[in-house]
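Enquirer: Okay, here's what each chain looks like letter by letter:
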Amino acid sequence: MGLSIDWAGVLSGQPLHWLLSGLVVTLAITLAASVIATGIAVALTALRLSPVAPVRLATWAGISLIRNTPLLIQLLVWYFVGFGLLPPALKAWMIGDHTWSVLPGQVSLFAPEFAASAWGVGLFIGVFLSEEIQAGLNAVAPGQGEAAASQGLSAWDTLAKVLLPQALRNAYQPVVGQYLNLMKLTSVTCSIGLAEITYQARQVESFNSHAFEAFAAATVLYLAIGFALERVLLAGRRT
Amino acid sequence: MGLDFSIIAKNWDYFLWGRTPQGEVGGLLLTVLMALAAGTLSLVLGIAMALASWLGPRRLRDVLTFLADLVRGIPLILVIFWIYFLVPALFRTKVPGALSVILALAWFSSGAVMYTTLAGLDALPRGHREAGIASGLSEGQVFTTILLPQALRNLVPSYVALFASMIKDTSLAFILNVPELTMTANQVNTRAQVYPAEIFLFTAAVYFVLCAGLSWAAHGLAIRLQPG
Amino acid sequence: MAVPPVIEFRDVHKSFGALEVIRGISLTIDRGSVVVVCGPSGSGKSTLIRMVNRLEAPTRGDVLVDGISSTHARGEQLRRLRTGVGFVFQQFNLYPHMSARQNVTLALRKVLGKTQAEADAVADEVLDQVGLADKAGNFPGQLSGGQQQRVAIARALATRPDLLLFDEPTSALDPEMIGEVLTVIRQLAHQGITLVVVTHEMGFARTVADRILFLDQGRIEEDAHPDAFFSAPRSPRAQQFLSQILSPLHTAGG
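Chains as they are written, first to last, in the working numbering: chain A, 1 to 239; chain B, 1 to 228; chain C, 1 to 254.
Please keep in mind that the hints were generated in silico from the structure rather than gathered at the bench.
A few of these clues could be false.
Calculated pairs, DSS-like style, for lysine-lysine (alpha carbon to alpha carbon, straight line, at most 27 Å) [stated by the list, open to error]: (1) Lys-114/C - Lys-161/A; (2) Lys-135/C - Lys-114/C; (3) Lys-161/A - Lys-135/C.
Just so you have them, the derived chain A footprint on chain B, three or more residues with Cβ under 8 Å [stated by the list, open to error]: (4) 50 to 59; (5) 72 to 86.
To give a feel for the contact side, a few chain C residues facing chain A, derived at Cβ under 8 Å [stated by the list, open to error]: (6) Ser-41; (7) Arg-82; (8) Thr-83; (9) Phe-87; (10) Gln-91; (11) Tyr-95; (12) His-97; (13) Ser-99; (14) Ala-107; (15) Ile-178.
Idealized CB from N, CA, C, for every residue including glycine.
The task is simple: from the sequences and hints, build the whole structure.
Expert: As structure tokens, this is what we get:
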């Protein structure tokens with residue numbers, strides 16, 4: 001069969017060190033991108049409801065652009081082009097020495113790979129999150145908005161107190177799904193050089209050709225993180 | 001900001017079909033071909049799994065669902081690596097990068113096809129099956145002549161949307177140096193060095209036109225296929 | 001200076017695209033009256049009252065509440081006008097994620113600026129008025145249709161409006177629950193609040209209303225006191241409508 005399995009070759013020494021470092025980076029990038037995605041989703045939800053038509057149009061165009069291009073291309077754009085677009089002062093600050101911003105394995109939070117990845121993945125999922133929220137809003141009965149209006153509630157109060165709570169209840173499963181998706185999509189960032197789990201698994205493979213063991217370890221790690229994340233996010237759901 | 005798109009003009013044919021004239025299919029052409037191959041495979045596989053789930057015992061549906069969820073719980077890029085590295089080890093044959101990507105994509109997406117198809121079958125009004133049974137048709141006949149054709153027709157827009165996703169996912173072939181559109185763009189960028197914005201924005205635009213066009217077509221189909 | 005009527009329609013027209021639903025209605029409704037609006041489906045009854053608090057806007061003409069145009073009101077002015085008009089929907093439209101008490105207090109806190117304590121006090125009072133004091137903490141999903149509609153009425157009453165509009169309040173209810181809702185509305189009629197009720201419940205109309213408006217195809221075909229309307233309707237359409245609605249009951253006289 002030609003497949004001799006040697007776990008020790010992967011779960012000890014340098015390979016183990018790499019894999020664990022990759023795990024830390026995956027967790028860090030998942031967290032960073034999730035924060036950004038949440039912020040983007042909130043902003044987009046508000047923008048889509050703007051009374052100013054050009055704002056709504058521009059928002060729709062932006063969303064359409066993000067949805068219809070591959071994540072990988074977006075990461076390449078942010079990596080090659082994005083950094084150069086930042087104001088010089090911000091760039092200088094990011095390149096400067098900040099000991100708190102360096103993760104185990106010598107990965108800096110402000111390294112172009114990490115920053116472009118966090119922003120790229122965060123923006124991508126943020127768009128899909130706002131789509132789920134919008135779908136949730138559309139599923140709220142029209143009578144709800146009318147009842148609120150007939151009582152004299154302001155547009156803001158109607159949204160915040162009546163419509164959004166129901167929308168989020170409707171969309172809870174898909175929203176959780178998007179965050180799980182985000183975690184899995186961090187694997188794509190290995191292509192711009194971020195040393196997360198997939199990157200490190202390839203590193204191990206090219207180090208000692210233990211492809212099966214390395215990718216098996218990576219698979220287990222992703223499945224475990226996904227399982228834990230799903231548990232945590234679904235625990236917030238009221239039965 | 002002064003963008004200079006002459007780099008695109010000079011390489012437009014390379015972006016579109018890579019080194020196909022020299023015998024190595026590439027560029028946008030390869031992207032579309034891979035998506036079509038993976039799409040067809042995942043459609044066949046996914047529909048087969050959906051039929052097995054629908055017609056078979058409850059147990060089978062549970063098993064297939066579990067397997068589909070398992071594959072979808074692993075990042076697609078990792079599935080690509082599994083196939084690329086593991087199939088040669090198991091079967092002693094080398095697998096070209098493009099084929100690894102096609103197989104990985106097909107396997108990964110078959111779960112989505114299965115779920116979508118089952119949803120389409122579930123969405124059919126109960127009355128259709130009952131009307132068929134009442135007029136004397138067997139369960140099997142009802143399924144193949146009444147339910148399945150209707151479900152598949154209703155599902156065409158969803159399948160087109162899944163195909164649009166597949167076009168985007170072919171970009172991951174970049175990781176195996178397969179010369180599809182994204183890899184091609186990266187090659188041009190590496191050679192030219194000074195036009196990353198123009199190159200990647202152009203590439204994004206090509207994907208956008210293709211995928212947005214497909215989504216728009218799916219939407220149009222969904223409206224036209226409404227009964228009545 | 002004369003006190004303006006509670007509601008005034010001035011040559012109101014309403015079209016939905018090519019479909020003309022209200023074709024030139026002018027009328028006034030006085031304070032304290034109890035008006036029933038009836039007519040066949042599609043006659044425009046719901047659209048008519050929905051234009052009072054501007055849930056729909058007239059295509060032409062004007063609708064005034066207490067002398068102020070709801071058609072042209074915007075923003076703060078419109079919201080204030082709406083707190084003076086209670087609206088009860090056919091589908092109740094209670095907020096499912098809030099308890100009965102919270103449904104009632106939301107507008108009190110957010111629009112009238114009352115404190116939680118003040119709002120709760122009012123809520124308990126109006127819920128008691130509709131006979132649901134003991135259900136204040138229940139959620140709509142835990143209440144029957146009739147109970148939900150009564151909470152909806154309490155919610156409309158909470159802002160102490162001078163005017164209450166009912167859009168087919170019992171049409172979505174199972175027959176055994178219609179009575180409890182009509183009882184509540186009947187009680188309100190005796191308290192001097194202006195009521196405008198769109199309904200098919202002719203027995204209720206006969207005993208509670210002091211004015212019947214019969215609508216057909218967007219026009220007012222009859223505008224009369226119930227006694228006159230039920231015993232001697234003048235227009236052929238009204239006669240046809242009544243005979244269809246009332247035939248199983250076989251009322252006395254003509």
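Enquirer: Next step is simple, just say for each hint if it's right about the structure.
Expert: Now for the hints, and whether the structure bears them out:
Distance check on the hinted pair: Lys-114/C and Lys-161/A sit about 16 Å apart at the alpha-carbon level, within 27 Å; holds. In summary, the hint linking Lys-135/C to Lys-114/C is supported, as the alpha carbons are separated by about 22 Å, within the 27 Å threshold. Restraint check for Lys-161/A and Lys-135/C: satisfied, since their Cα atoms lie roughly 22 Å apart, inside the 27 Å limit. Closer than 8 Å: that is the beta-carbon criterion, and the region 50 to 59 of chain B has 0 residues meeting it against chain A, so the requirement of 3 is violated.
With 10 residues having a Cβ less than 8 Å from any Cβ of chain A, the region 72 to 86 of chain B passes the three-residue criterion, so the hint holds. Taking 8 Å as the C-beta contact cut-off toward chain A, the hint placing Ser-41/C at the interface is violated, the least distance being around 19 Å. Because the beta carbon of Arg-82/C sits about 4 Å from the nearest beta carbon in chain A, less than 8 Å, this interface hint is met. The beta carbon of Thr-83/C comes within 4 Å of a beta carbon in chain A, closer than 8 Å, and the hint placing it at the interface holds.
Because the beta carbon of Phe-87/C sits about 4 Å from the nearest beta carbon in chain A, less than 8 Å, this interface hint is met. This hint holds: Gln-91/C has a C-beta 5 Å from the nearest C-beta of chain A, less than the 8 Å allowed. Taking 8 Å as the C-beta contact cut-off toward chain A, the hint placing Tyr-95/C at the interface holds, the least distance being around 6 Å. For His-97/C, the interface hint holds, the least distance from its beta-carbon to any beta-carbon of chain A being 5 Å, beneath 8 Å.
The interface hint given for Ser-99/C is broken, as the beta carbon of that residue sits about 13 Å from the closest beta carbon of chain A, more than 8 Å. The restraint placing Ala-107/C at the interface with chain A holds, with a minimum CB-CB distance near 4 Å, inside the 8 Å limit. Violation of the interface hint for Ile-178/C is found here, the shortest Cβ-Cβ separation to chain A being roughly 20 Å, above the 8 Å cut-off.
Hints 4, 6, 13, 15 from the list above are not met by this structure, while the remaining hints are.
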